[in-house]
Amino acid sequence: MPELPEVQTVRATLKDRILNKKIKKIEIIYPKMIESDLLEFQNNILNQSFIDIKRIGKWLIFELNDYYLLSHLRMEGKYFIKEHKMPIIKHEHIIFTFEDDSDLRYHDVRKFGKMNLINKEDLYEVEAIKKQGIEPVDDKLTKEYLLDHFKGKTAPIKTILLDQTIISGLGNIYADEVLFHAGIHPLRKTNTITKKEASKIVEACKFVISKAIEAGGTTIRSYTSSLGVTGLFQISLMVHQQKDKPCQKCNTIIQKIKVGGRGTYYCEKCQK
DNA sequence: AGTGCGACCCGAACGC
DNA sequence: TGCGTTCGGGTCGCAC
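Residues in the first sequence are numbered consecutively from 38, following the working numbering.
Keep in mind that the hints are not guaranteed to be accurate.
Simulated pairs of lysine-lysine, DSS-like, Cα-Cα distance not exceeding 30 angstroms [unchecked claim]:
(1) 248 x 177
(2) 282 x 309
(3) 248 x 233
(4) 180 x 190
(5) 168 x 232
(6) 52 x 151
(7) 69 x 168
(8) 91 x 62
(9) 243 x 293
(10) 280 x 190
(11) 180 x 91
No lab work stands behind these hints, which were simulated from the structure alone.
Could you put the whole structure together from the sequences, leaning on the hints where they help?
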């Protein structure tokens, strides 16, 4: 699942490949993917060029001449660059064709991804964007900020770490990793988190996410046009997907439970 | 306001 | 082997 570090890698990789290219044709194979008005999307995107790519949380923000194209990859969204003459394959849902007969193709097995074409002045009118919280590596993410937002919440801390309106960009993998590094049990009631623990969560967020962004960055160098632009971060995960393996810190067997309907991995000795 | 859950999807994993 | 069933995961909308 693309979380903040992967989206950051996709952004950096695509930037090198599509900037200043003008869209001459758009094919929308799966229209439900478009959240904004479909006809406007089809008409307005023609003859626009990509002039920048930004990111807010897990949202990719493609800047065109007159619009922003918002793209959320959800679980399995990927972008490929291909020659237009290549046959359209299964799971390719949106195809942008440039003047040089190259394509930017959006591929998504689960069809969960979303796109949105909006006027530039409306970026912060989009509910999902407006509501994004503070990013893990932002200096504004402090223990005071977290404690303030943890107040009155009885849900498990793991569930709250996934709330994009508080911390923007954490997904299921990094929420588990952050809690391991902070030494906190995923089922802890959020309103019982202490100052010291909130401080550990802040540190863990910055550590885990900056490491992952670095690792995502190394993927860019091995990128070739035949590969999907996914940003496969190859950091070593301490707990996520490590069920039945020994904890790398204390050798205790990693447990898997469900928290808020999400598969959750933790070390029962390191995370109290 | 906060919480919990179904819906959206479909390939993979699982069960018989 | 082959077929049917279950699972998972980010976000939204809805009910409580």
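Each hint, compared with the structure:
1. 248 x 177: Cα-Cα ~19 angstroms, so holds.
2. 282 x 309: Within the cut-off at roughly 19 angstroms; holds.
3. 248 x 233: 23 angstroms, holds
4. 180 x 190: 16 angstroms, holds
5. 168 x 232: Within the cut-off at roughly 25 angstroms; holds.
6. 52 x 151: 20 angstroms, holds
7. 69 x 168: 23 angstroms, holds
8. 91 x 62: Distance ~23 angstroms between residue 91 and residue 62 Cα, so the pair holds.
9. 243 x 293: 24 angstroms, holds
10. 280 x 190: 28 angstroms, holds
11. 180 x 91: The given pair, whose Cα atoms are some 27 angstroms apart, holds under the 30 angstroms limit.
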